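Engineer: Next come the chains, spelled out residue by residue.
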Amino acid sequence: MSKGYRTRRMAIDYQTPLVTNVKNAKILIEAIARHYDLEISKVDYQDFSVVPAAPLILRKPKDSPTIRELLANSPFRNKHIVSVSQFSRNELHLLFTVAQEMRLGVEREGCLDVLKGRVLCLMFFEPSTRTSSSFDTAMKRLGGQTVLISEAHSSTQKGESLEDTIRTLDQYGDAIVLRHPSDESANIAAKFSDRPIINAGNGSREHPTQAFLDLFTIREELGTVNGLTITFTGDLRYGRTVHSLCELLKHYNVTIQLVSPASLALPDKVRETLKSRSQLGVVSTNLTPEIIAKTDVLYCTRVQKERFEDPQLYERVKNSLVVDNATLKHAKQNMIVMHPLPRNAEIAREVDDDPRAAYFRQMKYGMFVRMALLALVMTPVEEGKRRFSFV
Amino acid sequence: MSKGYRTRRMAIDYQTPLVTNVKNAKILIEAIARHYDLEISKVDYQDFSVVPAAPLILRKPKDSPTIRELLANSPFRNKHIVSVSQFSRNELHLLFTVAQEMRLGVEREGCLDVLKGRVLCLMFFEPSTRTSSSFDTAMKRLGGQTVLISEAHSSTQKGESLEDTIRTLDQYGDAIVLRHPSDESANIAAKFSDRPIINAGNGSREHPTQAFLDLFTIREELGTVNGLTITFTGDLRYGRTVHSLCELLKHYNVTIQLVSPASLALPDKVRETLKSRSQLGVVSTNLTPEIIAKTDVLYCTRVQKERFEDPQLYERVKNSLVVDNATLKHAKQNMIVMHPLPRNAEIAREVDDDPRAAYFRQMKYGMFVRMALLALVMTPVEEGKRRFSFV
Amino acid sequence: MSKGYRTRRMAIDYQTPLVTNVKNAKILIEAIARHYDLEISKVDYQDFSVVPAAPLILRKPKDSPTIRELLANSPFRNKHIVSVSQFSRNELHLLFTVAQEMRLGVEREGCLDVLKGRVLCLMFFEPSTRTSSSFDTAMKRLGGQTVLISEAHSSTQKGESLEDTIRTLDQYGDAIVLRHPSDESANIAAKFSDRPIINAGNGSREHPTQAFLDLFTIREELGTVNGLTITFTGDLRYGRTVHSLCELLKHYNVTIQLVSPASLALPDKVRETLKSRSQLGVVSTNLTPEIIAKTDVLYCTRVQKERFEDPQLYERVKNSLVVDNATLKHAKQNMIVMHPLPRNAEIAREVDDDPRAAYFRQMKYGMFVRMALLALVMTPVEEGKRRFSFV
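Listed in order, the protein sequences are those of chains A, B and C.
Numbering-wise, the first sequence is residues 1 to 391 according to the numbering used here.
Numbering-wise, the second sequence is residues 1 to 391 according to the numbering used here.
Numbering-wise, the third sequence is residues 1 to 391 according to the numbering used here.
Quick caveat, the hints were computed from the structure, so don't treat them as lab data.
Source: prediction; values computed, not measured.
Hints are supplied without guarantee of correctness; some may be wrong.
Since the list can't tell identical chains apart, any single copy or any two copies may satisfy a pair.
[Stated by the list, open to error] DSS-like mimics (lysine-lysine), calculated; alpha carbons at most 27 Å apart, straight line: (1) LYS26 with LYS79; (2) LYS3 with LYS191; (3) LYS364 with LYS191; (4) LYS275 with LYS250; (5) LYS116 with LYS364.
Looking at chain A on its own, in the form it has when it is part of the complex (with noise of 0.2 Å):
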C-alpha cells in the first residue's frame, strides 16, 4: 500500500480534511480566507461515514486586503512599463494577487468598476489582434474605455515621426499601450509621453505582459512556480517570449530544459546566465521520453518557415518536435502544455482535448494579468484625496 493510500485512509478514519494537491489547497485556504459560504451540497460529495462528521472550524482570519487596498498603494501608479527587469519578485506577486482578484471579479461580475472614467490608447503600429483584443477586453472589463489606432496610422504615413505621435496623442488618453516593429520604440515613448507607456511588444526585444501571463498561467495551473520543471520547445532564438520569460524565472528555483534544433538554440548569452544561475538542465535537439517525463510545463512554440535557408530542414525540424498524444503518454499527470499562439503544427490537434492543454486557458490568464497591470498603473490615487466634486 502506497503512502498516498495510507494519508487518505487515516483522514477518512480520523475525520479530517485532507486536501491532495496544491492548486486545491490554494483554492480552499482563499475561500476560507473570504469566508464564502462554505455549505457543502450533496452533489459535492459522497459519504461513506455514519459517523457524523467533525465540523470545519475556522477561525476568522485577519482580513485580506481588498482590491482597492491592493490598488492604492500601487507602486507602477503612473510608471511606464517597459521591461520585465523593472519587477522586482515582490512586485511580481502583488501582480499576481491582483490579477487572481481580477480573475475572481471577472467570474463573479463580468466587469468591475476600477478604471471607470479613464481612457486608454491602444497604439498598434504591427498588426498583433490577439495582444489588442487582449488589452482592448482587459480595459473594458475594467470599467474603462478604450480609444484604438491602428498600425495605418495617417499621420505616420505623412512622415510625422514616433516622438511626435506620441506627444500628441498623451493629450487625449490616460495611459498608452504601444505596439511597434522598432526595438527603440518603447525607450522613445517613455522618454517623451506625460502618460504612462504599456510596451506590448517592442521589435525583437520585449513582450513584458506575455512574460506575466505566461508566468500567472503556470501559478494558477499548478499552484506555486517553485521546484518545476520547465521544458522550451521550437524556436529559442528567436522567440521573444522564451528570452522574457527566462528573464522573470530568476526570481523562481526552477529547472529549465531546452530543446530546438542546432541553429534556432537558445542564445549563448540567455544559455549562460541560466547556467550561472544553476537553472539549466538537459539541453537537446528531440524531445524524447526522458526529458517529457520531467517535466512540470512544456512551453512550445512556432517555428517559423522564414527562419530556414533551406525548406527541406523546415520540414524535418518541425516534425521533429510536434507534440501529439503520443509525446504527452511519457508525460506526468498534472503537467501543462502552454503556447502563446498562433500555432502551426507544434502541437496537434489531437491534444486540445487534453485536460493538460492549457494554451487556450493561457489566453484568458493573460486578460487577468493585463487587467491587473492596467489597474495598477492606471488607478487614481484613492477618491477621498480629491478635493473637489464636479457638478
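Got chain A sorted already, so can you dock chains B and C onto it with the hints?
Structural biologist: What follows is chains B and C alone, placed relative to chain A:
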C-alpha cells in the same frame, strides 16, 4: 355608402371609440396595458360633438411582463444562434416582443443597462459595415461593450485555423458575433466555442438576424404578418435574405409572389416548399400592375452585375425591375416597400419620400431585433441568484 | 525704476494681493467664483513680511451657471454643425465657456456623464487618426459611446451613394461626425440626415472644430483674443485651417500678419476681407525679426512638397520658414507657437521644450472643444421633461 362609412358613422353616433387599423389598435392596446397617461390634448383631436364624450374606462389589466421578466426566462440564454430554423413560432414572438420593448426603451432613454458589464466580440472576416455597426450599436444601447476583430485578422494570415481563432478569442468576450465567407464557419465556431456564437452571415448560407429584422419590420409597419401578400423581386436565386425569410414565413399564413428574370429565379427546392405550404402565388418575370395591386409587402433585392455573363442581359433585366413612383401608382395605400440595402438602381430615388418606403426604417428595426437577440442570449441569470458580492 | 517694479512694491507695502497677468487673473477669479478652498500651503509662497497678511475677503458672488444649466439652453441642440459661419460671437463664447467646464471636469474626474446613454457615429471616408481619436475620446469622456465607420466603407465600395449611406447609418446613432473628401459632403449629409451632422472636414472647404480649437487655445493660453497680433506662416493658400480661423477672427479686434512664399500666399479674396476689416498687418515672404517681435500668436502650417512643381523651390521655401530657437530669440516672452500638426520641418525639435510651444497642448484643447460641441449638440432635453420611466 361603403361599409367603412357606416362603421365610422355608428361609432360617432354611439360615442364608441373606434380604431380603424391594426397598427393603431396595437399601439393603443399597448398604451392601455402599460397605463400610460392617456390624457388627450387639444392638438390631438377634433371635436365634432357637443354631447360629452363617454369616458374611456379602462380596467387595470393584468400587468404585462417587464423586460427583465421576459429575459429572465429566455430560452436562448447562452445558446448558439446559427439558423432561423432553430426558432419555433413562440420563440419568434418572444424575440419580437422583446424587440418592441427595446424600441420603446431606446426611444425613451437612448440606452438600457440590461447587458451592463458584458463584452461582445464582433468577428468580421469579410467587411459588412452595416451589419457590424448595427450589432455594435445594439450592444452599446444595451449598456454593454464591444471588441471588434476585423477581417484582416493577423493570426489568420499567419495560417491559424478558424477553430483556433475561435477558441482563443472566446476567452475574452461573453459572446461572439461571427461573419465569415465560408458556409461551414458558423457550425465550426459553434462546435468549438464555449461562448454563444451569433451567426451574422456564413457564406451564401444564412444571415438569421436579417430574416428576423425583415419579419419584425412587417409586423411593426403593418401590425400583423398573417393574411398578407408578399412579393419578392430581383435576384431570388442567390439572395440569401430571401431564402431565410421564406423559411421563417412557414409560421405564417401568407401568399408569396415571385418576380425575377428566369436566370435569377428562386431555386426549385425553395419554390416547391412554398407550394407545399400553399403559399405560392403568381410567379412572373415582370412586375405587372396586377402583381403590384395585390402586394402588401414589396421586398426588392439587388441584382448584381457579377451574376451575368452577358452585360447586355444585365442592363435589360436591371431596368425591367425598377420600382418608381409610376410603379407604386398601382399599389395599395398601406403597403410597404422593403430592401435589405445597399440598393443600386432597383428603387428609384423619388420613392424615398413616399411614406410606403420602409427600407431606411428597416435598418432601425434591425437594431432593435439585434438588441433583443443579444439580450436574450447574453443576459446573465438574475441578480438574485448570485451568491457573492465583489468589493 | 519701471512701472512694473513700483506696482509690485506698493502691493507688498500695502499688503494688497496682486495678479500680474491676465491668465492668472482669470484662473483666480474662476477659483473665487467657484468657492474653491483657497488655503495656501507653505510650498506655494514665500513670506517676506512679518506683518500679518490682510485676509483675502471674498464676498459670495452670484453663482455661475453649472454645466447642466449651460447645456439645457443650448442653441445647438440637434443642429447640424457644418460651417464656422453659423456661429455668432455669443455662441462662440458659449462654446468656449462649456469647453472650459469640460477642461475642469476632465482634470478632476477624467470623465463626465453628460452624454451617458448616447451613441455617436464616427464616419471617416478619409483617414484622419488625429481628428477621429479626438472625437472618439471626447465622446467617451462625456460618458457616451461611439461607433466607428472607417473609410473602407464596404457599401460605398458596392456603389452606394453618400446619401443612402447617411440615411442608413443615421438610424443607429444619435449624431454623426463626418469626414469626407468631397466639398459637398457635409451639406448633402445635413440635407438627408435626421440626426445632427458634425462636419469634421469636407474636402478643401472647412474643418470647423479645428478653427474652434485654435481660437480656444489662444484664449486659454493668453487669456484673451482681443488686441493680439497673429502671424500665419507656411502654406496660406491651401491651408483650410488658416481660412477658417481668419473667418472666425472677424469677431475679434486683432492684427493679422501673413508670411508665405508668393506661390502659397493667402487667396486674394480672404486677404481683401481682412483688409476690409482693418485687420491686415505686414505681409511678407520672410519671417523677419520685426514680424516675430510683434507677434503674440505664431501660427505655423505645413508646407507640402506636393504643392510644388519645382522640387528645388520647395527646398528653398521650406527652409526659409523654419522656426527654431534662434527665431524665437526675437519673440515676446508670453507669445505662443501653434501648429495644426503633423509638422514636418517647419518647427525645429529644439523648440518643443520652450514653454511658448503650444502645439501639443493645442491637441488637448481640441478635445475639450469637441467635448463642448458634442455636449451642446447631443444633450437631450432635461430629464425633468421626460414623462415615462423604463423598467
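Engineer: Each hint needs a verdict: does it hold in this structure or not?
Structural biologist: Evaluated hints:
{"no.": "1", "hint": "LYS26 with LYS79", "verdict": "neither (31 Å within a copy, 33 Å between copies)"}
{"no.": "2", "hint": "LYS3 with LYS191", "verdict": "neither (58 Å within a copy, 43 Å between copies)"}
{"no.": "3", "hint": "LYS364 with LYS191", "verdict": "between (32 Å within a copy, 19 Å between copies)"}
{"no.": "4", "hint": "LYS275 with LYS250", "verdict": "within (11 Å within a copy, 73 Å between copies)"}
{"no.": "5", "hint": "LYS116 with LYS364", "verdict": "both (22 Å within a copy, 20 Å between copies)"}
This entry does not satisfy hints 1 and 2, going by the numbered hints stated previously.
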